[in-house]
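Novice: Residue strings, one per chain:
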Amino acid sequence: MIDFDYDIIWSNLPFLWEGMKVTLLLTFLALVGGLLLGTVLALIRVAKIPILAWVAAAYVNFFRSLPLILVIFWLYFLVPLILGHSVGSFYSVLVAFVLFEAAYYSEIVRAGISSVGSGQIAAARAIGLTYPQTMRYVVLPQAFRAMVPVLLTQAIILFQDTSLVYVVGLKDFLVSAELIANRDQRLIEMFIFVAIVYFIICFSGSLLTRHLQKKLKI
Amino acid sequence: MNYNWDWGILFREPYLEWLIDGLGWTVSLSLIAWVIAFCLGSMLGIMRTSVSPTLRLVGAVYVEIFRNVPLLVQLFLWFFVFPELLPDDAGMWVKREMPMPALTTAIIGIGLYTASRVCEQVRSGIEAVGIGQRNAGRALGMSETKVYINVLLPNAYRIIIPPLTSEFLTIFKNSSLALTIGVVELTAMTRQIEEYTFQGFEAFTAATVIYSVVTFIVMLIMQTIEKYVRVPGRVSVG
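For the protein sequence lines, the chains are A and B, in the order given. Just so you know, we're using our numbering here: the first sequence kicks off at 129 and counts up by one. Just so you know, we're using our numbering here: the second sequence kicks off at 2 and counts up by one.
Keep in mind the hints are simulated off the structure, nothing from the lab. All values derive from a computational prediction rather than experimental measurement. For glycine and all other residues, C-beta sits at the position ideal for the given N, C-alpha and C. One should not assume that every hint holds.
[Stated by the list, open to error] Computed footprint of chain A on chain B; a stretch qualifies when at least three of its residues, placed anywhere within it, have a C-beta under 8 angstroms from a C-beta of chain A:
#, segment
1, 49 to 59
2, 62 to 69
3, 82 to 90
4, 97 to 104
5, 178 to 186
6, 211 to 217
[Claimed, not checked] Sample of chain B residues with no beta-carbon within 12 angstroms of chain A, all distances over it, derived:
#, residue
7, Ile37
8, Ile109
9, Gln134
10, Glu145
11, Ile162
12, Arg192
13, Met220
14, Thr225
[Claimed, not checked] Some residues of chain B that are not near chain A, with every Cβ distance over 12 angstroms (derived):
#, residue
15, Ala137
16, Lys147
17, Ser167
18, Ile222
19, Glu227
Turn these sequences into a full structure, and let the hints guide you.
Specialist: What follows is the structure, encoded as C-alpha cells:
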C-alpha cells in the first residue's frame, strides 16, 4: 500500500478548477448546440417532410453507429482543413460533440413528441391552429416536460463523455489532473480524486433526475 | 480545401493489414467484454429484483458506482491505480507478468462498466414480466431460484433483446476507449494511418464505414432473432 498524499490535491486545486471550467463549458455548449440541432432533426422527422425526413433519419442512425472518439478525431482533422487555418482543439471538439449529441437528443425529442399523442394534435388542428402553432403551443411544451428527466440523464452522460477530449489533449478536468499526476508522480491520488469528483457530480445529478421524474409527471 | 486524395492507400501494404488487425482487436475485445458484462450484469439484475434487501442494496451500489464515473477514468483506475493498491507480489504480477496487460485491463474495465448497464436492462425485463407470474410460480410451490430459472428469466431475456442489442453495440463503440491505455484497435489504427500518411480523410472514412457496416449487420441479425423468440402477444420494452 502507498501512503496517500492529500497535499498534492489541495495545492493544485486552482489548476484543477481551471480544467473543470473547460469541462463544464464544453458540456454546456455541447448541450445547447446538440439540443437545438437535435430538436430541428426531430421536428423534420415528425413532420414527415419528404427527402429531408429521410436525411434526418440517416444522420441520426449514422452518428449513433460511430464511436465518439472516432467523431472527435474526424473533426479534429476536418475543421482546420475546411477553414484553412487551425482553430485550437476546443472548437473542433465542440463541433464534434454538437454533431454527435444531436443524434441522441433528436431521438429523445422524437420520443417526447410521440408521447403527447395524436389526439391532441388532431384537436389543435381542428380548432384552427396551424402546424407550427400546434407544435409551439400544444405539443412541444408537453413534450419537453416529459423529456426533462431523460434530457438530464443524457446531460450527465455528456458530462462524462467530455472526458474523451483526452484523446486530443484538450486541457479539461481529467487532462489537468493527469498532467499533475505525471509531473509529480502521484497517479494514485490524482485519479482517485478525479473519480470521486465525477462520482459526486454525476450521482447528485441522477438523484435530481429521479426527484424531477416524480415531480414532473403529467 | 486543399487535399491530395489517394484512396488506394487503404489497400496498400501495410495499411490494409493494419485495418484488418484493428478490426480484429476491436471485435475480440468487444466480444470478451460482452461475455463479462452479460454474465455479471445478469447476476446483478437478478440481485436487484431479489427478495433479499442486502442483495438489492449490493446491486444498487454497484450500478451507481460504475454508472457515475466516466468509463475513461475507470480504465485509468484499473490500469494505473489498481496494481499499486494490491499487495506487492500481486501488483508486480499485474504490471509485469500478466499477458497483454493493456488488452486485459481494457476487457475487464469495459466489461465491468457495461455490466452495470446490462444489470438495469435485466432488471427492467424481470420487472416487465410482472409480479403476478412471480407469485403464481411461488404459489405452485416453486422455490425462488426455480421461479427465476423457469419463469422470470426466460421471459425477461426475450423481452429485452432490443435494449441488449444496443448495449452490445455500445460496448462495440466503447471498445475504442481502449486506445487510451495503448490497445491498438480499429480507431487507433486509423489514427496511426493518418499520422504515417497524412491521408486522414481516407483512413477515418475506412473506420467509419467499418463501424457502420458492423453495426448494421448486428442489428439485422438481432432483429431476425428477436422475431423468432418474441413472446407472443407482448410488445417489447426499451
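Novice: Please confirm whether Glu227 of chain B is truly not at the interface, meaning its C-beta sits more than 12 angstroms away from all C-beta atoms of chain A.
Specialist: holds, 18 angstroms
Novice: Per the coverage rule (Cβ-Cβ under 8 angstroms, at least three residues), is the segment 97 to 104 of chain B covered by chain A?
Specialist: Answer violated; 0 residues pass the 8 angstroms Cβ test.
Novice: Beyond 12 angstroms on every Cβ pair: is that true for Ile222 of chain B relative to chain A?
Specialist: Non-interface label stands for Ile222 of chain B: nearest chain A Cβ at 15 angstroms, farther than 12 angstroms.
Novice: Against chain A, does Ile109 of chain B hold up as non-interface, every C-beta pair farther apart than 12 angstroms?
Specialist: holds, 16 angstroms
Novice: Has the segment 211 to 217 of chain B got at least three residues whose CB is nearer than 8 angstroms to a CB belonging to chain A?
Specialist: holds (count 4)
Novice: Take a quick look at Met220 of chain B and tell me if its Cβ sits farther than 12 angstroms from every Cβ on chain A, holds or violated.
Specialist: About 9 angstroms separates Met220 of chain B from the closest Cβ of chain A, which leaves it inside 12 angstroms; violated.
Novice: Can you tell me if the segment 49 to 59 of chain B counts as covered by chain A, using C-beta to C-beta distances under 8 angstroms and a minimum of three residues?
Specialist: violated (count 0)
Novice: Is the claim that Ile162 of chain B lies outside the interface with chain A correct, judged by CB distances over 12 angstroms?
Specialist: holds, 18 angstroms
Novice: Against chain A, does Ala137 of chain B hold up as non-interface, every C-beta pair farther apart than 12 angstroms?
Specialist: It holds; Ala137 of chain B is separated from chain A by about 30 angstroms at its closest Cβ, greater than 12 angstroms.
Novice: At 12 angstroms, judged by beta carbons, does Gln134 of chain B keep clear of chain A as stated?
Specialist: The claim holds: Gln134 of chain B sits with its nearest Cβ about 26 angstroms from chain A, beyond 12 angstroms.
Novice: Quick one: work out the minimum CB distance from Lys147 of chain B to chain A and report holds if it exceeds 12 angstroms, violated otherwise.
Specialist: holds, 33 angstroms
Novice: Please verify that the nearest CB of chain A lies beyond 12 angstroms from Ile37 of chain B's CB.
Specialist: Ile37 of chain B is indeed farther than 12 angstroms from all Cβ atoms of chain A, at 19 angstroms.
The structure fails to meet hints 1, 4, 12, 13, 17 from the earlier list, while all remaining hints are met.
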